[in-house]
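Two chains, each in its own frame: build the complex with the hints.
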Amino acid sequence: GPKVLQIPSHQIIDMGQMVTLNCDPVSNHLYFYWYKQILGQQMEFLVNFYNGKVMEKSKLFKDQFSVERPDGSYFTLKIQPTALEDSAVYFCASSSRTGFGNTLYFGEGSRLIVV
Amino acid sequence: GDQVEQSPSALSLHEGTSSALRCNFTTTTRSVQWFRQNSRGSLINLFYLASGTKENGRLKSAFDSKELYSTLHIRDAQLEDSGTYFCAADLGFASALTFGSGTKVIVLP
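Taken in sequence, the protein lines are chains U and V. Each residue of the first sequence is one higher than the one before, counting from 1 in my numbering. Each residue of the second sequence is one higher than the one before, counting from 1001 in my numbering.
So that you can see chain V by itself, here it is in the shape it has in the complex (with noise of 0.2 Å):
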């Protein structure tokens, strides 16, 4: 099965409100990168954790190492934050990053 498990598929909200997505991990992770790929396909890098918290503007991660899990909220939504968001583990295979399935976040005016 996957080892990365990222929900929701899809996601829709209203300007000004908050929302989080989150990855479920299945075995040891070392860190997870977060992207927000856009509408052009660029992938663009948003948080990389390898533990604890982080936040920058609107968007804050968390990753917890020892529960295998991370999150990605959104406050305060802006049409710009539409998007498809990954989550992307290091599992320690090849130092390569393993990605979940992709979040399709669409804010609404």
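Just chain U, same shape as in the assembly (with noise of 0.2 Å):
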């Protein structure tokens, strides 16, 4: 089936420090988003991206927080200082429309470690 990859897929990182997390999205998508999953927990909608901006963002989605897709490149997720409670695991996901037939398709996740 369609696959999004995610780079990487483990990062320790030290509190206030900076991280990038990267996404390949399914190469005919145009819609992006990103979940985060506390360990154990049920699946929060952060942001969605498509055509260059923001779309919705929930409470989630710290100040701290941004997202782009440089050129077609990589999706990334930045979070710039990073904190404690930004330990998590994120998915990136895909789709190619919204509404009727809006299929998402999940990444593997990025595991975040922040100490």
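Because the hints were derived from the structure by calculation, they are not lab data. Even glycine gets a Cβ: it sits at the ideal position worked out from N, Cα and C. Be a bit skeptical, because a hint or two may be false.
Stated by the list, open to error - Footprint (simulated), chain V over chain U, 3 or more residues, beta carbon under 8 Å:
1) 42 to 55
2) 103 to 109
As the list claims (entries may be wrong) - Per the computed footprint, the stretches of chain V lying under chain U, defined by three or more beta-carbons under 8 Å from a beta-carbon of chain U, are:
3) 1038 to 1050
4) 1081 to 1091
5) 1100 to 1106
Listed below in structure tokens is the structure:
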């Protein structure tokens, strides 16, 4: 099936440092998403992105978070500076459309540990 | 409160038996997806439904948009069916999905 690739799969970072999580979405997809999952808990929507812009974001998408997809390359989530509570698995997803038939495909996640 | 209520939170069943998971929605839902999250954390797409039922092997899912619920049936459970199952609803918010809290399924020999 369609594949979403995420890099890195794991990262340990000191509190206060910057981290960038990379996502390579399904090739013909136009809508991109980030979700956050704290261990053992449910998936929480962070943000979605279309045509170079943030469409919607949740309360979890703090000011320290930013997303971009420069020139059709990786769709990235940047956290600067990181905080201890940012430790979680971050999942990227993409879809080809919105509305009817909107199927999201998820990557395998990037596990972030902030120490 | 939660807009996607998933039950049960955990389920143990023996190989060869069957069971069902359910998600209730508290608001209009355009579609639902079901995923299984394996021990590595990967989310595997199981079903997308905008209405009606779909079947894939021993799994069957239904979505009733009027009564606001969806079900996932596991028939003749096998050990590889173990994992955490999530329903996720398209509630019309940014075309993102709102996830249920998950059902941890353990299939016992």
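Structure-based check of all given hints:
Proximity of the segment 42 to 55 of chain U to chain V, defined as three or more residues with a beta carbon under 8 Å from a beta carbon of that chain, is established by the 6 residues found. Interface restraint, the segment 103 to 109 of chain U with chain V: holds (6 residues with C-beta to C-beta distance below 8 Å; minimum three). A stretch counts as covered by a chain when three or more of its residues have a beta carbon under 8 Å from one of that chain; for the segment 1038 to 1050 of chain V and chain U the count is 7, and the coverage holds. Coverage of a stretch by a chain is defined here by at least three residues with a beta carbon nearer than 8 Å to that chain's beta carbons; for the segment 1081 to 1091 of chain V and chain U the count is 3, and the condition holds.
With 3 residues having a Cβ less than 8 Å from any Cβ of chain U, the segment 1100 to 1106 of chain V passes the three-residue criterion, so the hint holds.
In this structure, none of the earlier numbered hints is contradicted; all agree with it.
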